[in-house]
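If you're matching them up, the sequences are chains R and D in order. For what it's worth, my numbering labels the leading residue of the first sequence as 1, then goes sequentially. For what it's worth, my numbering labels the leading residue of the second sequence as 1, then goes sequentially.
These aren't lab readings, by the way, just hints derived from the structure by calculation. In this text the structure is predicted, and so the values were computed from the model without any measurement. Check each hint, because a few of them may be wrong.
[What the hints assert, rightly or not] If you want the ones that stay clear, here's a sample from chain R, every Cβ over 10 Å from chain D, calculated:
{"no.": "1", "residue": "Ser-116"}
{"no.": "2", "residue": "His-142"}
{"no.": "3", "residue": "Asp-171"}
{"no.": "4", "residue": "Lys-183"}
{"no.": "5", "residue": "Lys-255"}
[Stated by the list, open to error] Where chain R lies over chain D, by a calculated footprint (3+ residues, C-beta under 8 Å):
{"no.": "6", "region": "419-428"}
{"no.": "7", "region": "434-440"}
[Stated by the list, open to error] Quick look at which bits of chain R chain D covers, simulated, 3 or more residues with Cβ under 8 Å:
{"no.": "8", "region": "42-48"}
{"no.": "9", "region": "109-115"}
Don't be surprised by glycine CBs; every beta carbon is placed ideally from N, CA and C.
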Amino acid sequence: MSKLQANISGIIKSSVIDGPGNRMVIFFQECNLNCMYCHNSHTIGLCNLCGTCVDTCPTNSLKIDSENKRIIHNENTCTRCDECIKVCPENSSPFYKQMSVEDVICEILEVKDFISGITVSGGEVMLHAPFLSLLFQEIKSHSDLKHLSILIDSNGNIEQEKWNSLLPLIDGVMLDIKAYSAKTHKQITGYSNEKILKSIEYLNDKNKLKELRFVLTPDYNNDESELREIAKLMKSVSPNVGKTLIKMRNYGIRKEFSFLREASSEEMNFAKNIFVQADIDILVI
Amino acid sequence: MEEIKNRVLQVLSDGNLDYRQKKHHLAYIAESTQDYPDILKEATEALNEKIICDLFEGNAPYRPRYVLPDYAYALKNGVNYLELEPPTNFDEAINFLSILYLQVPSITGYSVYLGDIDTLLLDYVGDLSEDKIYKKMKLFWRFIDRTLPDAFVHINIGPEDNVIARVILRIERELKQVVPNLTLKYDPEITSDELLLEASKTVFEVAKPHIANHKMTAADFKGEYGVVSCYNSLPVGGGSHTLIRLNLKKITDLHSGNAESFISGTLKKYCEMTLDVIEARSKYLVECVKYYDTDFLAKEGIISLDNFSAMFGFYGLAECVNQLMKRCGKELCYGKDEEANQLAHLILEEMKKIVDARELPYCKANNGKAFFHAQSGIDIDIEETAGARIPIGSEPDIYSHINTVAPHHHLFNGGISDIFHFDETVKRNPAAILDIIKGAFRKGMRMFTFNLSNGEFIRITGYLVRRSDLKEFREEGSRYGSALFAANSMDNANVDNRVSKRVISNEQVAGKY
Ligand code: SF4
Ligand code: SF4
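With the hints as constraints, model all of the structure from the sequences given.
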């Protein structure tokens, strides 16, 4: 099997919220957006072995292994205080692991009897397209796994051709749109949204867009014109694509963004009504 | 005599009991004036110490504990004793069953088994529309809840997908009654995913049905089987004379020594003693009371002695294992650590061997042996975990949970049940539950159910309570004080002591007087 490895920040063996049925979810490290409200900001960056977390850890559970360019984490002494994650200047964590396709397959085999499929999430998984391609091929050619459905949870900020090799292997993509106007998008995520809009159109054309989600962030993307543009975008894709309006929750976001506020129920209703008026069947969560 | 008079007066003047409950308790007191069936002194002591527990069956068994009438036979042949002709349509069939239910004896006075109701009624559907069936079944369901107000009254549906099973699930979601308790017999090759999905949605609302592995359970019986009372699986047209359970925690307390000597010594001794009690009670019922010669159900072939056996139960496996581990200087726990799980498995296999080696009279339904049963517990179990379950609150993740308990489910031909807990979010994704149910059965589980963290109904030991009833009870105070909140099982305990409730688990209440 290939030597290809990916940085995996975590695996959840039973999730009921990442697509239909009971699913195993594999989270990849590293993201190419930097959303203000990111609830898992320690999955955005890659570790550069600066050592800040090692010095901070109150239980001395971390050590730099310079030879292998990684951090050794002593799970027995760690108290899960998360101080290391909070101080990391790279929005990274000392916990993610390098895994091969084979390693991931082993994890799936352990729970195969209990799941409908797997979901890959992040970070931004599409940064690992070659790894995904191998992983999915492996699943589809494995007699005990080929029945599993495969979903990708992506931010869509990726070149169109990156999707091509994956689409025949997957059941669908769940994608976020953070804002329609490029300016607002840049405010929220630090980047513009052209590639994302293209991904939405492309995936919809290929019948692989499964869900389109919009996170309502008061004072940023909740004015009427912005909402109408989002509604138009949602309307432009197939009615079979699930549409979800999500209330931004400020639980677990970084200190520097603690000024973000959650939408009031009036604001949620206002947004919902715009989608309803546009005749969109929208789920609010 | 003075003492009896006082006990009687206490019942007569207890304003919390209704008329029928009083009569039930008075009968219990009368029965307690008889000598216990012939057992050794040591066994009597073990009963007094609640090391062996007969679950308030009373001193002088005059009816079997679990009776599963062959309702199909009765419907086909009519019942002379009740002057009932075989029904010819749906209304008559429901009326027939309603009458018969009220005549089926049990420890609580309420039948523990109301039949595989969808199969029974399908023959009478004729050209009735689904809506008509729904209206009739809804009244029938209300009748059952109001006339058989006991949480151990149990009805079965499945494994075939059919209009009656579906209508029942819909009615369950609408009426939200505690009674009847409900089991869906599930077979992946027969039951449709749609019916299983309907069942799962119903569990979200009312914490039932319980799901039984049909193929696995059916293979343990010569004929038809039913899931009754607290998840006992027993033969239809028969049942169990008695259920005696062994308290594994208590016998571990008594034992001084390691796990090895426990298994070869203490465990064996008390299993045999439990079997002695079972034998004595079965003989009393058959030979002295002559129940099976005299009751109309037996005389008319609706039940037959040949379809009866007895049940050997136990509880408190978790405490037993954890304590034995401690004795070897190991802080290892059942449900968490592989070594403890292995010991648990060894103990269960040993018990099963002992039960299977003992020839018992009047146990033809199981080839002269008792059915082996992991007893799901009752309200008085404060220190012991039900059957072979992992203690509430220390369950591992769902897969480890299944992997811990599934390997021993095959041992329990008399039934076992486990409860899995899920977060509310699963309501949005019922397909996830289907995945887990199928996975659990693939791993060899026999029976289980699940609870939602915020569901309106809570199922703890084997029966249901409404969360709102609990709340009311909590606000009125409890004799357990702060301990009340310690565990849900104790919540259950307290609800049941609140005897003024119309629907109760009548089984244990009598023992208080
Ligand atoms: S995890 Fe963050 S703080 Fe720790 S060494 Fe890596 S970059 Fe530095
Ligand atoms: S979470 Fe663990 S490794 Fe990180 S700082 Fe706390 S104790 Fe140290």
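So, going through the hints one by one against the coordinates:
1. Ser-116: violated (5 Å)
2. His-142: Non-interface label stands for His-142 of chain R: nearest chain D Cβ at 17 Å, farther than 10 Å.
3. Asp-171: Holds, because the least Cβ-Cβ distance between Asp-171 of chain R and chain D comes to about 13 Å, which exceeds 10 Å.
4. Lys-183: holds (34 Å)
5. Lys-255: Non-interface label stands for Lys-255 of chain R: nearest chain D Cβ at 28 Å, farther than 10 Å.
6. 419-428: holds (count 5)
7. 434-440: Since three or more residues must qualify, the claim that chain R covers the region 434-440 of chain D holds, with 6 doing so at under 8 Å.
8. 42-48: Our answer is that it is violated, as 0 residues pass the Cβ test (under 8 Å) against chain D, missing three.
9. 109-115: This one holds; 5 residues, not fewer than the three required, reach chain D with a Cβ under 8 Å.
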